[in-house]
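Participant: Whole structure, please, built from the sequences with the hints as guidance.
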Amino acid sequence: MKMTDKRLARENEFLVVFIPAIERALVFRVKSVINAGREYIHYGPLPVSEGDVLSTLDGGSISVPADGVLPARAYTGALTFSMSDVFDEDDMWYIPADYRERVFHVIQHITPSFLRVDAQIPPAVTQGRFQRDKKIIGVEKDFGFARGEFEMIHFPEIHTGYRYANDTNVDVRTSVEFTYGEYIVEIPKNSELIFDILTKKVESRWITLPISVTDPTITEGLKKTYGITGFQLFRLDQKDEAIAEYAKILKEVILE
Amino acid sequence: MSKEIILRGETDGASASGTVSLNSDIFHSAVSYFRLPKGMKALITFKKVSGEGETLFTLQYSNDVTVDSPEWKAIEREKLSSKGEMAVEGVAIILHSLTGKEGVQVIYEQPTAVKAYIELGVELKNE
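So the sequences go chain by chain: A and B.
In terms of the numbering used here, the first sequence opens at residue 27 and continues consecutively.
In terms of the numbering used here, the second sequence opens at residue 5 and continues consecutively.
Keep in mind that the hints were calculated from the coordinates and are not lab data.
One thing to keep in mind: the hints can contain errors.
[Said to hold, decoys possible] Derived pair list, reagent style DSBU-like, types lysine-lysine, alpha-carbon separation capped at 30 angstroms:
id, chain 1, residue 1, chain 2, residue 2
1, A, Lys265, A, Lys227
2, A, Lys161, B, Lys129
3, B, Lys105, A, Lys167
4, A, Lys32, B, Lys7
5, B, Lys129, A, Lys167
6, B, Lys7, A, Lys167
7, A, Lys167, B, Lys42
8, A, Lys160, B, Lys105
9, A, Lys227, A, Lys249
10, B, Lys45, A, Lys32
11, B, Lys7, B, Lys51
12, A, Lys161, B, Lys105
13, B, Lys42, A, Lys160
14, B, Lys129, A, Lys32
15, B, Lys42, B, Lys77
16, A, Lys160, A, Lys32
17, B, Lys45, A, Lys167
18, B, Lys45, B, Lys77
19, B, Lys42, A, Lys161
20, A, Lys161, B, Lys51
21, A, Lys32, B, Lys77
22, B, Lys7, B, Lys129
In this text, all values refer to a predicted model and were calculated from it rather than measured experimentally.
Facilitator: Next comes the structure, spelled out in structure tokens:
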């Protein structure tokens, strides 16, 4: 039996999800982990189908030779993972705003582990940037990607697509396994506690999302789900200002 | 998530020398060489050779497989002196992919053409 990934949160832990593009963090307390002890989904091959045409790292295009096979030197567009009987059967990690009491913490493990992976949030919006917007980076570039593993928080109302690239000369058979936590969360209503969490005086699980570009669907999705886009970070010596600001933000929160 | 791949190759039994086609359970089809992912290193952890007769396998490395005629350099040899099999564990061959153009292949030479096989355990790691 596999051990639970230690990156997943447990009950009563604080979870901070920082969004670099808007310089704000969502702060949650994990009230419950719905799938404790059942954190694994062996999803199967990447959702590419025989005959799909993919771009290559060398500037051409190539046809997928069989379902789930990523051709040599090819990279995908934004892929989502389908599943029957879920809210959006084309994207198993998507839930709408009225599921606001939940977030999915997902760590995907890709075979073969040398495959490159990045995220588009929302799909078609590449988030990798270097030197402001001077250079867009990602799986099809020399940097701006991970290999074999990717960690993500899926908020309601926001679709996330994943891209994969194979920089070897081999057509490879692929598979994806997810380790995930379906958390029931609340936003702490105490502005001093939020300050202590965000200044790291109180321990939390801190995840920085790979969001470098503010797309309206992200901010609108957060507003629709939580009523807010998050909390700014302040220095320790700005406590009074921070607490006043957080108190204002907390009045807008629509998550119980 | 698998971090290790097993490369398997075999001679064709008709030619006394040549390049081994490399295959693996995660390969959709065999290749004559394996181009290493950029910025990673391949750690060869074991070798196993077997066959119907004397065979010399040579592991070769190229700095650039993208050119028309890559220059291959021998880095490791394993000789099966007669019919049988031999496994070598605890091997520590490290191949670096500094440019993303590096590759490895296996060639073979035999006094008489026979079927022979090679397996390489390859662990791919970030530098």
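Participant: Each hint needs a verdict: does it hold in this structure or not?
Facilitator: Structure-based check of all given hints:
1. For a cut-off of 30 angstroms, the pair hint linking lysine 265 of chain A to lysine 227 of chain A stands: about 12 angstroms separates their Cα positions.
2. Of the supplied pair hints, the one linking lysine 161 of chain A and lysine 129 of chain B holds, its CA atoms being roughly 27 angstroms apart against a limit of 30 angstroms.
3. A distance of roughly 15 angstroms separates the Cα atoms of lysine 105 of chain B and lysine 167 of chain A; the hinted pair therefore holds under the 30 angstroms criterion.
4. With a C-alpha separation of about 19 angstroms, the suggested pairing of lysine 32 of chain A with lysine 7 of chain B holds against the 30 angstroms cut-off.
5. Between the alpha carbons of lysine 129 of chain B and lysine 167 of chain A the distance comes to roughly 20 angstroms, so the proposed pair stays at or under 30 angstroms and holds.
6. Simply put, lysine 7 of chain B and lysine 167 of chain A have alpha-carbon atoms about 23 angstroms apart, close enough for the 30 angstroms limit, and the pair holds.
7. Restraint check: the Cα-Cα separation between lysine 167 of chain A and lysine 42 of chain B comes to about 11 angstroms, which is no more than 30 angstroms; the hinted pair holds.
8. Pair hint lysine 160 of chain A plus lysine 105 of chain B holds up; C-alpha atoms about 27 angstroms apart against a cutoff of 30 angstroms.
9. Annotation: proposed proximity of lysine 227 of chain A to lysine 249 of chain A holds, straight-line Cα distance about 27 angstroms (limit 30 angstroms).
10. As the CA atoms of lysine 45 of chain B and lysine 32 of chain A are separated by approximately 27 angstroms, the hinted pair is consistent with the 30 angstroms bound.
11. Taking the CA atoms of lysine 7 of chain B and lysine 51 of chain B, the gap is about 17 angstroms. The hint holds against a cut of 30 angstroms.
12. With a CA separation close to 23 angstroms, the supplied pair lysine 161 of chain A and lysine 105 of chain B stays within the 30 angstroms bound.
13. Restraint check: the Cα-Cα separation between lysine 42 of chain B and lysine 160 of chain A comes to about 23 angstroms, which is no more than 30 angstroms; the hinted pair holds.
14. Distance restraint check for lysine 129 of chain B and lysine 32 of chain A: the Cα-Cα separation of roughly 21 angstroms lies within the 30 angstroms cut-off, and the hinted pair is therefore satisfied.
15. Distance hint between lysine 42 of chain B and lysine 77 of chain B is fulfilled; the C-alpha atoms sit about 19 angstroms from each other, no more than 30 angstroms.
16. Distance restraint check for lysine 160 of chain A and lysine 32 of chain A: the Cα-Cα separation of roughly 36 angstroms exceeds the 30 angstroms cut-off, and the hinted pair is therefore not satisfied.
17. For the hint linking lysine 45 of chain B to lysine 167 of chain A, the alpha-carbon distance of about 19 angstroms falls within 30 angstroms, and the restraint holds.
18. As the CA atoms of lysine 45 of chain B and lysine 77 of chain B are separated by approximately 17 angstroms, the hinted pair is consistent with the 30 angstroms bound.
19. For a cut-off of 30 angstroms, the pair hint linking lysine 42 of chain B to lysine 161 of chain A stands: about 20 angstroms separates their Cα positions.
20. With a CA separation close to 43 angstroms, the supplied pair lysine 161 of chain A and lysine 51 of chain B exceeds the 30 angstroms bound.
21. A hinted pair counts as satisfied when its Cα atoms are at most 30 angstroms apart, and lysine 32 of chain A with lysine 77 of chain B does not qualify at roughly 44 angstroms.
22. Under the criterion of a C-alpha separation no larger than 30 angstroms, the hint pairing lysine 7 of chain B with lysine 129 of chain B is consistent with the structure, at around 8 angstroms.
Going down the numbered hints, you'll see the structure goes against 16, 20, 21, while the others check out.
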